[in-house]
Each structure stands twice: as C-alpha cells, then as structure tokens.
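Protein chains: 2
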Amino acid sequence: MNKKHISEENLNFDMSSNVLKFLSEEQKEYIRNIMFSVNFSKGEIIFKQGTPMLHIVFIIGGMAKIYIEDNNNKNIVISLIKPGEIIGGPGFYTDYKHHFSVTALENTTACFIEVAAFKKMILESPEFGLEFIRYRNIRHINFYDKLRVTSHKQMNGRLAHTLLYLSDTVYHSNSFKTTLTRQDLADMSSMTKESAIRVLKSFKESGIIECQNNDFEIKNKTALKNILESG
Amino acid sequence: MNKKHISEENLNFDMSSNVLKFLSEEQKEYIRNIMFSVNFSKGEIIFKQGTPMLHIVFIIGGMAKIYIEDNNNKNIVISLIKPGEIIGGPGFYTDYKHHFSVTALENTTACFIEVAAFKKMILESPEFGLEFIRYRNIRHINFYDKLRVTSHKQMNGRLAHTLLYLSDTVYHSNSFKTTLTRQDLADMSSMTKESAIRVLKSFKESGIIECQNNDFEIKNKTALKNILESG
DNA sequence: GATCAACAATGATATATGTCAATTTATATT
DNA sequence: AATATAAATTGACATATATCATTGTTGATC
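If you read the sequences in order, they're chains A and B. The first sequence maps to residues 693 to 923 in our numbering. The second sequence maps to residues 693 to 923 in our numbering.
Derived by calculation from the structure, the hints in this document are not laboratory data. Virtual Cβ for every residue (Gly too), placed ideally from N, Cα, C. Hints are not guaranteed to be accurate.
[Stated by the list, open to error] A short list of chain A residues far from chain B (calculated; beta carbon distances all over 12 Å): (1) I726; (2) E798; (3) T861; (4) C903; (5) K913.
[To be verified] In silico contact screen, one side only, chain B against chain A (beta carbon under 7 Å); selected entries: (6) D762; (7) L822; (8) I830.
Model the full assembly from the supplied sequences, consistent with the hints where possible.
Okay, structure coming up:
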C-alpha cells in the first residue's frame, strides 16, 4: 500500500463526481490538504468489516466490491464501487465501525478523509448534510430492492438481477469483461457458485447471454428483465 | 381517520423520544404548530408504498408494521414501529416516494410533519441534520443484519431471529401477546405461513417456546440464539 | 346460540437449491 | 514449456422449502 497526496486533477475529478461537489471552495481546499490516497493491488482489502471506521473513503481509480462477511465464510456482495463513488458506511455518526468489507477487484486507488473532518463539513454546511442524507438514502433504496429480490425471487431471477446491475449500472454496456469470479457473481446473487454456474449455463443455452470466461454479452435484455420480474 | 391537533403532553412525549428532541425550543414550537395527528384503526393503511412522500410520520400510540410489497402479494415486514418512533423513509430528499407501506397493527395514532418543514429544520440546524443521519444509519445497520439473516440462514434461524426481535426489541419481555398473524411472522422471516407454523411447532416441541394463539413465551433464549447463529 | 369469515394447522407432494466429489480449464510462477 | 495453483464445470445426491388441498379453530356478527 502506497500512501501519497492527491494530484490536483484527481481531486477535481473526485469532487465533481460525488457528494463532495457540494462543498464550498474553501472546504474543498481544506479537504484537499488533509486527504490522502492509497494504491491497492487486485485482491487487497481496503478495509475490513468490524474494524473502526476512521475515514470516509472514495475510489478514484479501479474498482472495488463492498460485501458483508458472514460467520461461515459466506459473503454478500452489496455493490461495486467505481471511480468517483464515495463509501460512507452506516457506521458514520453511529458506532463508527465498518459494517462491510471492501476489496479491490483490480488495481485501485482510494482516497481517505478523516470522519472528524467529514463531520465538520456537515456542521459547517447543512446543505452538504442534506446531500449526504440524499446519498445515504439512495443507498438505502437500492438495498430495499436487493432485499426484495433476495427474499422472494429464485435463482434465475436473482442472477438476472445481478447481470442487469452489471450491465446497466456498472459497465453501462451489454457486453463487458469483468474481474469478478463466479464466486463473486454467486455472492451478488445469494447462491452457491455451483448454482451460479448452472444458471449461467441455462441462460447461455436459451440464447439470453453469451459468456466465455469473464467476457459477458447480454443478447436479450428483455428476456432477462422478464426473468427478474417473474422469477 | 380522525385528524386533530396534538395535545401538548403528547407532543413533549414525542419530541423527547426521537430525533426531534435535538431541535431547539423555537423549532419545537414551530413543529408543534404545523403537525397534525390521525387515528388509524387496526388493519388500516397509514401510507402506501409508491405514493408521494409528503410527510415524515411518527407514531405516538399503538403499533404499526413497515413492509415492502412485492408484485406477487408477497410482503417483507421490515420492522415494527412503537410510540415515539419516527418513520422517515429513504424517499426523503431523493425521489420523495414511499418505499414501503405502513399498516396499523392495532388502533394507532400517527403524527404528520410536512417534509418541507423537516428539510427546513435540517437547513437551520446542522446538528439536527447529523442526528437525522444517525437515525437513518441505524436503520441501515439493522437492514444489513436482516439481509444477512435472509440470505444465509435457513428457516429455523430466520424465525429465531424474528422471535428474538419481538422479545428483545419490540416487547422487551420473554412473554408477550401480539396482534401479528402467522402470516405476519412469516413475512418477517421470509417464508410461507405454513413454514412459519411448522417451525413454531418444532420450537414448541423442543421446549424452546410456548405459544397458544397469540400468546408467546420464550422459555430458552440461549437455544434460540444458538439456532440463529448456527441455522 | 348459529352462521360466517378469517386465521391456523396438517399432510402429501413437487421443486428449488445446497453439498460433496471428481474433472477440466485457466492463470501464474519457475 | 513445465509445473503448481486457483478457478470453473459437471454430475449425483440430499435436503430445505414452497405449493396445494383439506380440515380444524377462533372470533365476530346477526
């Protein structure tokens, strides 16, 4: 892990693409001075569930997965984080612990801002506080969707949901190459990796998707959406 | 539904038991003047998923269930709301829609505050904003727990989770009488009502609980916790 | 007290999904 | 290129859970 200060270009990029853009120029300058960045290699843990939450983190390069760890080595991948996105977990201003782990899916650069500084920004600027509430609420809405799918859809529907998430939200394309393993796809869909593999195979056989190794192409998104809704 | 202004006693009760207690006296007075209360009979809907979110609601008497409605008449009961608790869903400052429905489980009195007024409070008082963030984050943490149990525990564990929630968080007693139906218990545990009945029966036969109709008694909480963790 | 409707309980059965073991394929390392 | 390691795949099987049909029970209403 390689700690360094942020270049100005990077910082501007960050600040315009997440909740930090609502800060005043002075506040941005303040944040610029106290924040630092760290490079993580593929597979490295950025932070770990259960540890103290000392920083708000955001990703400025690469990609990371956010996941809840269970006692039995079973994980639930909640979302993937791309450059510009902020990770401000629910530990903020509550128990100040991380409630999920974050791991780099490829070489990834993360920025760290002390939680005290973040809190200071909210106290100085209630508009920023509101924007942070908005950001948290959007996360919460996504979560409701995930709970609904997890609780009441069966495997085909759950995996369809995952593929649509990757296509629509993460890669913004019907064809994409991913560093996610089959286990990751399974962890996103609440099933075993064997089941994920079998469902993928059935989607391939139905002509709904193409996939070889980590290259995916969604051939029939309508069918996938129908499976999500009906399954 | 019977709309009326709030008595002062009620209002003080409310304000001291939820996030509103962090308001200044002037702000409390302001809220007092614009809020109104409505009585709901058992089974009546307080608000419905998908409708515009015009108010922040809190319960000052009775009990209500918060639940996500699925397309197929399948519900997920997320939590039960008791007097003093506030319901400020994730639609606030996002899409201003209700992302869940709320129904009275018994005769229930609810207070309504316009979302604009709530927003005004946050802008006036960043401390209040922070407290609201805390409240939202606590909800989010509970949600993580629910997702974990739903995704990776099987029926015994899920129903154990529900019974422990009722005992520890809702009724604060090892024995309680509830107005929840078996269907509600099932909706809290992500299973069918038949499955919920069967698991309850098995818990009874193991001597872990007693229950007749709506009277429950937890005889062996340790066992229940073990089932939650292992199941 | 009779009747009705909602709720609860039970059994038989079908199905979805996980588990385990074995094999193949890809990826990294020397 | 050869080897080791991790990941992906497949099949056989066990089991958890939903579904459906039926019956019993409770509580409200006339």
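Okay, the hints, checked on the actual structure:
1. I726: Label holds. Min Cβ-Cβ 20 Å, cutoff 12 Å.
2. E798: At about 25 Å from chain B, A/E798 clears the 12 Å cut-off, so the statement holds.
3. T861: holds, 16 Å
4. C903: holds, 24 Å
5. K913: The claim holds: A/K913 sits with its nearest Cβ about 19 Å from chain B, beyond 12 Å.
6. D762: holds, 5 Å
7. L822: The hint holds - B/L822 has a Cβ within 7 Å of chain A, the shortest such distance being about 6 Å.
8. I830: Cβ of B/I830 sits 6 Å from chain A, so the hint holds.
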